[in-house]
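**Student:** As you go down the protein sequences, you meet chains A and B in turn.
Residue numbers 20 to 216, in the numbering used here, belong to the letters of the first sequence in order.
Residue numbers 117 to 443, in the numbering used here, belong to the letters of the second sequence in order.
Simulated from the structure, these hints should not be mistaken for lab results.
Given the structure is predicted, the values throughout are model-derived calculations rather than measurements.
Built from N, CA and C at the ideal position, the CB exists for glycine as well.
Please note: incorrect hints may appear among the correct ones.
[Unchecked claim] Example chain A residues on the side facing chain B (calculated, C-beta under 10 Å, incomplete): (1) A31; (2) A35; (3) A41; (4) R105.
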Amino acid sequence: MLAYMEASDLEAALSAVGELLAAEDEHIAIVVVGGATLNLLGVVKRATSDVDVIARAFRASTGELRLERALPFPPPLARAIGTVARDFGLPEDWMNAVVEAQWTQGLPPGLPEDITWRQYGPGLDVGLVGRRTLIDLKLFAAVDRGPGSVHLQDLIALDPSVEELRRAADWILTQDAAPEWRSLVHEVIEHVERNRS
Amino acid sequence: MLNETVRNIRELAERTLLEASWAQWAVLTSAAIPADRRRAWTIVDPEALILGSLTVGHRERRLDDMVASWAGSAAHLMSMHRMRAITAGFPDSVSDRLGVFTTPATTAGDKRWKRLDTGRHTAEYTPRIKDLGDLRLFEGPALTLRLRAGFGVNAKADLLSLLVGFGGATADLKVIAAATAYTERAIRTATEEMTLAGFIHEIEGRPSSFYADPKAWASVLQARRPGGSGGSEVSSLPPWRFWSAVFVFLAQVIDWSTQQERKGWSDYVAGSRARDLVEAQTRRLRQAQVALPSTPPGPGGDFLDVFHDLVRRVARWTSAGLYPESS
Numbered sequence: 020m021l022a023y024m025e026a027s028d029l030e031a032a033l034s035a036v037g038e039l040l041a042a043e044d045e046h047i048a049i050v051v052v053g054g055a056t057l058n059l060l061g062v063v064k065r066a067t068s069d070v071d072v073i074a075r076a077f078r079a080s081t082g083e084l085r086l087e088r089a090l091p092f093p094p095p096l097a098r099a100i101g102t103v104a105r106d107f108g109l110p111e112d113w114m115n116a117v118v119e120a121q122w123t124q125g126l127p128p129g130l131p132e133d134i135t136w137r138q139y140g141p142g143l144d145v146g147l148v149g150r151r152t153l154i155d156l157k158l159f160a161a162v163d164r165g166p167g168s169v170h171l172q173d174l175i176a177l178d179p180s181v182e183e184l185r186r187a188a189d190w191i192l193t194q195d196a197a198p199e200w201r202s203l204v205h206e207v208i209e210h211v212e213r214n215r216s
Numbered sequence: 117m118l119n120e121t122v123r124n125i126r127e128l129a130e131r132t133l134l135e136a137s138w139a140q141w142a143v144l145t146s147a148a149i150p151a152d153r154r155r156a157w158t159i160v161d162p163e164a165l166i167l168g169s170l171t172v173g174h175r176e177r178r179l180d181d182m183v184a185s186w187a188g189s190a191a192h193l194m195s196m197h198r199m200r201a202i203t204a205g206f207p208d209s210v211s212d213r214l215g216v217f218t219t220p221a222t223t224a225g226d227k228r229w230k231r232l233d234t235g236r237h238t239a240e241y242t243p244r245i246k247d248l249g250d251l252r253l254f255e256g257p258a259l260t261l262r263l264r265a266g267f268g269v270n271a272k273a274d275l276l277s278l279l280v281g282f283g284g285a286t287a288d289l290k291v292i293a294a295a296t297a298y299t300e301r302a303i304r305t306a307t308e309e310m311t312l313a314g315f316i317h318e319i320e321g322r323p324s325s326f327y328a329d330p331k332a333w334a335s336v337l338q339a340r341r342p343g344g345s346g347g348s349e350v351s352s353l354p355p356w357r358f359w360s361a362v363f364v365f366l367a368q369v370i371d372w373s374t375q376q377e378r379k380g381w382s383d384y385v386a387g388s389r390a391r392d393l394v395e396a397q398t399r400r401l402r403q404a405q406v407a408l409p410s411t412p413p414g415p416g417g418d419f420l421d422v423f424h425d426l427v428r429r430v431a432r433w434t435s436a437g438l439y440p441e442s443s
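Using the sequences plus the hints, can you model the full thing?
**Tutor:** Right, dumping it as structure tokens:
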């Protein structure tokens, strides 16, 4: 079952999660990437099928914001996700952490500092990654999934500068040692530059 | 708006339980006089009646008095196994009050009940224990208690009461076990032995089902039903209803409303928790043949209207179940 969420649907679903967490006296912070972030930031106006959680966040005793792997979701969050899926008619994995596999190869540099926080209901803080991280991840996904994917369209919608693309490419080239990887990266960059608005 | 809706739902659930409790107590003892003076014509589920009464005992302390008084007079006719099994479906706020029954039962000499005394019950009110006089065991609605008095407190007495109350309709082991709150294993043994004795009959199949001859048993039991002139007349036996399933549902509704008032849930959370409650109770309510509304997906807050409608349906089911000939 696939359900596409517009920005207003995302806001309602995330608020519902926040209210459910608060009802259990829980407060959780997550960092979100992907189409949901682009929608909520107003970069694109396309429906997205899910919310990609790349990390959870917490405040260390020093006050510093720290990120940790998203999985496993704490039970209250997992319950809230399931409840909202039922109540809103969404797929069970409408909020998932498939993207957290990126931790294995390393997160984009500077991610913790590139987050805008929003509160949804009393119980959920959602960190929306910023432009720099979005360009890094979208370029990576576009190279990985091919030119026909929605990720390339999202990357074009971000309208990255030459400098932003170069910086992102520096990171992405560290993600795969395959000989053809470099040429794939450049191919995608050229496509973006040709289609730049 | 939410608070008013929750209050209305709670009021309906409490009123329904109060009506059902008093109507059923009145068929067991002359010490209970319901407000509308009507006595139920349904086989009383004794353990469900105790727990249903404890659920709304905070509204009417006389119900707590009735439970405690019953414990002092008739605890020996009550099933500890069923009490434990059925209590598991009630919210903690009810199981914490079980001491209203277990303490006077133990004091009266039935030490079995000490095992169910959790020691958690609050002592905000000390029930008054009254002499209930002669129990109305020969009236139709007291059938389960009467059979327990004659055959012992066990699965056989409750099985027979159920099948007689089904009026000739059949039931398989699963249904009987769910209705009586005994295990399928206990019910299997009971059905085998009761069939061997000719007290009930088996229709072989996959699964087998069982029935009792209502006319034969009505003739044997000679159960009484108060007539309009104040006398008694022999009548067919009253029907059996899934009172435990419905009382559990109403108790959970009341608990839901208490939590909403205490925690100040949002519209969404209140509706979502209501949906949780309905999902948890749907199977039992279906077994009880309560007409369930359809529950389309949608943000939780929208579910409250559906929930309120369900509580109204249960209230109507209760009224029809208590007084079947007037519905």
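**Student:** So, for every hint listed, does it hold in this structure?
**Tutor:** Structure-based check of all given hints:
no.	hint	in the structure
1	A31	holds (7 Å)
2	A35	holds (5 Å)
3	A41	holds (8 Å)
4	R105	holds (7 Å)
In this structure, every one of the numbered hints holds.
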